[in-house]
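Each chain, letter by letter, is given below.
There are 2 protein chains.
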Amino acid sequence: MAGESTSIVILGATGDLARRKLLPALFQLACKERLPRGLRIIGFSRPEYTDEAYRELMWEGMQEFTDLAVRKDRWTVFSQALSYLGGDFGAPKDFTRLRQRLEQMEGTEGKANRLFYLSIAPRFFAIAVKNLGASGLAAEDTGWRRVVIEKPFGRDLESARALNRDVHAVFDERQVYRIDHYLGKETVQNLLVFRFANGIFEPLWDRNCVDNVQITAAEKVSVGDRAGYYDQSGVVRDMVQNHLLQLLTMVAMEPPVSLDADSLRNRKVEVLQSIRRWTPDEATHGTVLGQYDGYLGEADVAADSATPTYAAFRLHVDNWRWQGVPFYLRTGKAMADKATEIVIEFRRPPHLMFPMSPGEDLTPNILSLCLQPDEGFHLRFEVKVPDQGMTLRSKDMAFHYESAFRDQAIPEAYERLLQDALEGDPSLFIRSDHIEEGWRIVDPLLQGTENGAQRPQIYEPGSWGPEAADSLLAEDGRTWHRVCGVHGDVDA
Amino acid sequence: MAGESTSIVILGATGDLARRKLLPALFQLACKERLPRGLRIIGFSRPEYTDEAYRELMWEGMQEFTDLAVRKDRWTVFSQALSYLGGDFGAPKDFTRLRQRLEQMEGTEGKANRLFYLSIAPRFFAIAVKNLGASGLAAEDTGWRRVVIEKPFGRDLESARALNRDVHAVFDERQVYRIDHYLGKETVQNLLVFRFANGIFEPLWDRNCVDNVQITAAEKVSVGDRAGYYDQSGVVRDMVQNHLLQLLTMVAMEPPVSLDADSLRNRKVEVLQSIRRWTPDEATHGTVLGQYDGYLGEADVAADSATPTYAAFRLHVDNWRWQGVPFYLRTGKAMADKATEIVIEFRRPPHLMFPMSPGEDLTPNILSLCLQPDEGFHLRFEVKVPDQGMTLRSKDMAFHYESAFRDQAIPEAYERLLQDALEGDPSLFIRSDHIEEGWRIVDPLLQGTENGAQRPQIYEPGSWGPEAADSLLAEDGRTWHRVCGVHGDVDA
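Chains A and S are the protein sequences, given in the same order.
Quick note: to get the working numbering, add 33 to the position in the first sequence (first position is 1).
Quick note: to get the working numbering, add 33 to the position in the second sequence (first position is 1).
Same shape as in the complex, but just chain A (with noise of 0.2 angstroms):
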């Protein structure tokens, strides 16, 4: 084909997050016209399957986690792009073949780009790529190459760094995409424009307003038929290193120079690098970690199993902004709710006015910045209760993207980060150095519970975790806040 193609090469192409999300993004994608001109897509993976099979199997994934088998005539179009070769990511020859099919597709005019997504297990990451390199499949001899990458990276610094050196060996550090799906989410992106496509933000955004911050990623489920995998990586990898992480960093940042990929990257970065590194000590006794009742009862679940799947803890950003303001993080799973919630609690007014009892203080306003279950903002501020002299109440302005949208499909975060990886633009995918910096971050965490200096304290499954994590904030005379979803959200 004359002009320029682009590959994608699905490493893990039967797997649950191909069938799931992979495809499906991509055929909205093309739903929406926004896929590259002759862009061909070949399934990869240990199965063997004819093209006709592998599109067959694609399309009944479509059905059973979608709503797009709708458009069924698009499918049939769309898939006529699609094929399958089967292969062993382990295998050289097997990845020799592939190069000989994208080859033969590609054809000899023109350029030809190529994006691998590595949709398998971590332990194959590394094989996978170095068998890419050894192929030539990565050589940037006909077009560019790009390889994106799923979590989890690394098990901890350590593994993240020789990774990260098994992949810079095949490919530059631009070439690599590693995936943080929350990063696609619309709210995230939000989280930008939020703070700084307004002018009556960011001079609220510090220390001398700001009381702390609070970070809640809450899962209603518990560990449910992921509990293999789980246990062997618990809450800290699963949530904390890279999502809670990720929201710390856009509500911390400074603002960028501009969006592109290493301005934002850089002020990202700067915040993880600015987070004081707990001792072993302070990791093992500053922070809670919990385990829901039942959930050594697991199937695939070692019976005396110590992996948390839930923690609680205090971060301090000591930069010129942030000294001073805690931010707190808790995430767990079988808790009360599901809901990811970032709160801002203001400092009080400094100077009270207003008649109060004794001991009685004004309230803070908060602002909350509400990720699920309903994406959007609220602000917490006091009131006077009408005909009452000077008492005041604490009421809600509410914003919430789906009613402000209502002819707006929220895409799935997926969708972007594709077109992004296929444009690329790498500015919502992590950088080597924000992994490892997130790795240097806990790992004294996992040290505690992995040489078994901190065993998680039990709590009830529907519960908000254990007690102690209520005490974390009680010790600095402050409570955890909910707003989005709860009594008191004035919808008004």
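Since the hints were derived computationally from the structure, they do not count as laboratory data.
From the three backbone atoms N, C-alpha and C, an ideal C-beta is built for every residue, glycine too.
Please note that a few of the clues may not be correct.
Claimed, not checked - Within a straight-line C-alpha distance of at most 20 angstroms, the following computed SDA-like cross-link-like pairs (lysine to any residue) qualify: (1) A:K371 to A:D174; (2) S:K65 to A:T39; (3) A:K184 to S:Q405; (4) A:K371 to A:G257; (5) A:K65 to S:E331; (6) A:K144 to A:K163; (7) A:K184 to A:I160; (8) A:K144 to A:P80; (9) S:K65 to A:D174; (10) A:K144 to A:R73; (11) A:K126 to A:S192; (12) S:K253 to S:E331.
Stated by the list, open to error - What the simulated footprint calls covered on chain S by chain A, stretch by stretch (three residues with Cβ under 8 angstroms from a Cβ of chain A suffice, anywhere in the stretch; the number is not a length): (13) 236-246; (14) 282-295; (15) 426-439.
Please arrange chain S on chain A, whose structure you already have, making use of the hints.
Chain S alone, transformed into the frame defined by chain A:
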């Protein structure tokens, strides 16, 4: 009667204000059990009525103008406190009769307080006060004496000063309660709460963050049956000198030490003192006066009347906080809509990092404090349009009292003000220096109209006033904003 008793004497007891507002407010306060025990209300006016006939007249008003008539049984009890005395505001002997009547009701034991409410035509203010003094009614021999004086207080600086002198010949300033019912409105008081009970607004409330402030008080009605009075006063006396400047002081004032009357009123007077004065030329050429088409045909309006029914102008508050931030004010009759709204337009973000078309800039944030028609707040900010890269759109968060306090009726302004006057709290009344500063500001504007230097521009009824009002802001590169109740008002 032993102990303490209080009498309210309403001068002008048969007038519109007494029937529509004062008696209903007093009755409401009685129903809420907020009146002092053993309160008497004595009507005093030219016509002759028996006590019973006066009660009947007031009951008719209650039925005609309020929905309080459902409480007939309570009225029957309440109205026993009501009595009436016919008399002339200019006749000393009638005041002597009033004193005798009062003394007879008060008896000789205990404290007997008196509140005189001047609900009379302004031309009688001076003589009525003089007669209150001369008759001995104002002497603080048996209890406190206070006088509530309705607006307008003077027609210009000179007459206001003269009236202040006359009032002060009889009453100390601490006994004088000059009323502007705007100050009794819940939302106006709420401005204080909004600004000073919340930590997040005050840091934004200055020249660093605010681009300009706009205050609109638009009435849909024309002058109607008030035309005779209105033609003698005009919009500057009717709305600007009192209501608009009041709202401006509430927005612009420094935080008071406390909410006691003098702390609060000192801060408000300081704002008026900081307002840059117009030269006669600036008053003539830098302001927009309008008269709605058809005004000259209203009954009792002079055929060649140059009385303005609309005013729009720019004020500068020359102090540390507001230097360089223009305050745009406008008010008029026969406008497109009924709306009283304070709009704070914030500065744009200092740095543009989002993709924009050439010449395009970010939309500034807006805070709208709406007093009418739907009391509440709006915060307009920029959000990301879902699924469209970094396309931005303005959306509103909204808070409305009525929906937030469904169970709580918003009281009439007079209720609060009468209660405050009875309790001796003049915070929400106008001090003499405030009145005079207000006139000092608008006098050049009045002189321009009245010496023929400026004729009002004719505008269409149902419009937003003369086009020159738009040009006034366009000169500064700005436009008038409306938020509450209009398109884009998102309650979501």
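Hint-by-hint comparison with the structure:
no. : hint             : in the structure
1   : A:K371 to A:D174 : violated, 48 angstroms
2   : S:K65 to A:T39   : violated, 77 angstroms
3   : A:K184 to S:Q405 : violated, 54 angstroms
4   : A:K371 to A:G257 : holds, 15 angstroms
5   : A:K65 to S:E331  : violated, 62 angstroms
6   : A:K144 to A:K163 : violated, 24 angstroms
7   : A:K184 to A:I160 : holds, 16 angstroms
8   : A:K144 to A:P80  : violated, 31 angstroms
9   : S:K65 to A:D174  : violated, 86 angstroms
10  : A:K144 to A:R73  : holds, 14 angstroms
11  : A:K126 to A:S192 : violated, 27 angstroms
12  : S:K253 to S:E331 : holds, 16 angstroms
13  : 236-246          : holds (count 4)
14  : 282-295          : holds (count 5)
15  : 426-439          : holds (count 10)
Going through the hint list in order, the structure does not satisfy hints 1, 2, 3, 5, 6, 8, 9 and 11.
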